[in-house]
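Novice: When you get a sec, could you build the whole thing from the sequences and use the hints?
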Amino acid sequence: MKQRLVELEARLTASETRASLAEAKLSESRSNAYSLGEAVMSPRQHEGLSALMHRIGGVGGIDVNLTDKSRPGRLADHLKLHVLPSDTLTQVHGQWFARLHPDDRLIAEQRLFAALESKASIYDSQYRIILPSDGEVRWIHARAEIERDDAGTAIRIVGTRQDVTEAKLAQERLRVEEEHNAFLLELSNALRPIGDPVQVQRIAIELLGEKLQVDRAIYYRVETVGSGYAYVVDNEWRARPGISRVAVIPGGDADYGGNLFTDLENGISVKINDLHAATDASLKEGEQYAGAGLRALIAVPICKNFRQAGGISVQTIGPRRWTDGDVRLVEEVAERTRNALERVWAQAALRASEASLRCTEDWLAAQKEFFQVAMDGGSLEDSLKVLSRTMVQAGDGRRCAFCVANEAGEELEHVIGMGEAYAEAVKAFRLAPSKLAYGLAVATTTRRVPRDILGRRLISTEPQPH
Numbered sequence: 001m002k003q004r005l006v007e008l009e010a011r012l013t014a015s016e017t018r019a020s021l022a023e024a025k026l027s028e029s030r031s032n033a034y035s036l037g038e039a040v041m042s043p044r045q046h047e048g049l050s051a052l053m054h055r056i057g058g059v060g061g062i063d064v065n066l067t068d069k070s071r072p073g074r075l076a077d078h079l080k081l082h083v084l085p086s087d088t089l090t091q092v093h094g095q096w097f098a099r100l101h102p103d104d105r106l107i108a109e110q111r112l113f114a115a116l117e118s119k120a121s122i123y124d125s126q127y128r129i130i131l132p133s134d135g136e137v138r139w140i141h142a143r144a145e146i147e148r149d150d151a152g153t154a155i156r157i158v159g160t161r162q163d164v165t166e167a168k169l170a171q172e173r174l175r176v177e178e179e180h181n182a183f184l185l186e187l188s189n190a191l192r193p194i195g196d197p198v199q200v201q202r203i204a205i206e207l208l209g210e211k212l213q214v215d216r217a218i219y220y221r222v223e224t225v226g227s228g229y230a231y232v233v234d235n236e237w238r239a240r241p242g243i244s245r246v247a248v249i250p251g252g253d254a255d256y257g258g259n260l261f262t263d264l265e266n267g268i269s270v271k272i273n274d275l276h277a278a279t280d281a282s283l284k285e286g287e288q289y290a291g292a293g294l295r296a297l298i299a300v301p302i303c304k305n306f307r308q309a310g311g312i313s314v315q316t317i318g319p320r321r322w323t324d325g326d327v328r329l330v331e332e333v334a335e336r337t338r339n340a341l342e343r344v345w346a347q348a349a350l351r352a353s354e355a356s357l358r359c360t361e362d363w364l365a366a367q368k369e370f371f372q373v374a375m376d377g378g379s380l381e382d383s384l385k386v387l388s389r390t391m392v393q394a395g396d397g398r399r400c401a402f403c404v405a406n407e408a409g410e411e412l413e414h415v416i417g418m419g420e421a422y423a424e425a426v427k428a429f430r431l432a433p434s435k436l437a438y439g440l441a442v443a444t445t446t447r448r449v450p451r452d453i454l455g456r457r458l459i460s461t462e463p464q465p466h
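In the working numbering, the protein residues as written are 1 to 466.
What the hints contain is simulated information worked out from the structure, not anything from laboratory work.
For clarity, every value in this text was computed on a predicted model and none was experimentally measured.
Beta carbons: idealized from backbone N, C-alpha and C, even for Gly.
Some hints could be false.
What the hints assert, rightly or not - Lysine-lysine pairs mimicking DSS-like chemistry, simulated, CA-CA at most 27 Å apart:
hint, residue 1, residue 2
1, 427, 385
2, 211, 168
3, 304, 168
Said to hold, decoys possible - Label pairs and their computed distance ranges (CB to CB):
hint, residue 1, residue 2, range
4, 242, 182, 30 to 40 Å
5, 348, 186, 22 to 32 Å
6, 234, 169, 32 to 42 Å
7, 321, 182, 18 to 28 Å
Specialist: Have a look at this one:
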């Protein structure tokens, strides 16, 4: 009996010792980045856990014994998930930690420790890993049951790690699309009440530059220069003072754009992540780009009648990895800007047409009144007052005066309009073909060649700068 008591006491002591060692091991693993042993399970062991894996729901299984490193633990599917060699028998916590994306390491490890040190029965975490094979970033969803001893200490983790990269990318695309749609709605609302084309350009590139957090955003137009053309910057937004301005970019210059301009001319959007790394030598060697503080850009042409008439470009002074979403956003902004400008131009043309129609109607009515005054026996001055009043009332800053030649046909005489000072200046104005042609040339900024009654050229006059 005494011998049995001794044996029981020894076994109890050994059990307590093992429990103490397990607790110490957990504490030590916490301070040493959780150096947990995990080994590849055999096919038979894998089959035995298949029901549990199915219940939890996952792809790559894992079974981690927190108290005994010698127990097999890592399932073969997990090796495929992490693209690890098939002969990998053991993996420690530090190696898992090293594969985590640098931005996720701290939070992923904190979640693991928090689950183990709490009373939770489920560990659930999402994080990114970097595959050792090719450096690709993948999203992992880890979910496992935590087994605990009577004292509540975690002794085993059994669960799955599932690659959810595609779902995460789909969520990110949806989030970006929702943000872009909200931004485009904001842009449309901001452009709708504007009637000035310059303001349309300014607001569009300002909102776009702030949205994409670039250094510069420009609206440009394509202008013919001799036998070539140039990109003239009509509006420019800069994120902060000190960023150089861009005024004119010579289009089609082999040393200043190469294929960039060819694509734009063909209506194709251009995306360059780093001009210094560009394969097109004309882009890489263009000193003008460096002088303008330009390293990365997106340029989207705005076409009219199947030709590039202008465009919008966003630029950074450092390299930038543009996304397809960035390009689509700039294209959408360019399209909405084009539509807003066409609306403004159409409204301006309509107003001009309506004003011209009103002017025509007013002028016809004035002519009718002019003849009526004359028919009623009014003086020439009274008749001309009607025409003069109608011209001035057009509201576009016009002034009007009527003069006639004297009986000899050699001098002007003022009849009505534009005040006494003008009448005094006109008084005794000598009439000659050259003087009349010169005045018309200055007023219309076009060349005028007066002729006498026989059709002979008397004098050629050009408008002179004043």
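Novice: Just pull the numbers of the violated hints for me, sorted ascending.
Specialist: Hint check: 3 fails alone, others pass.
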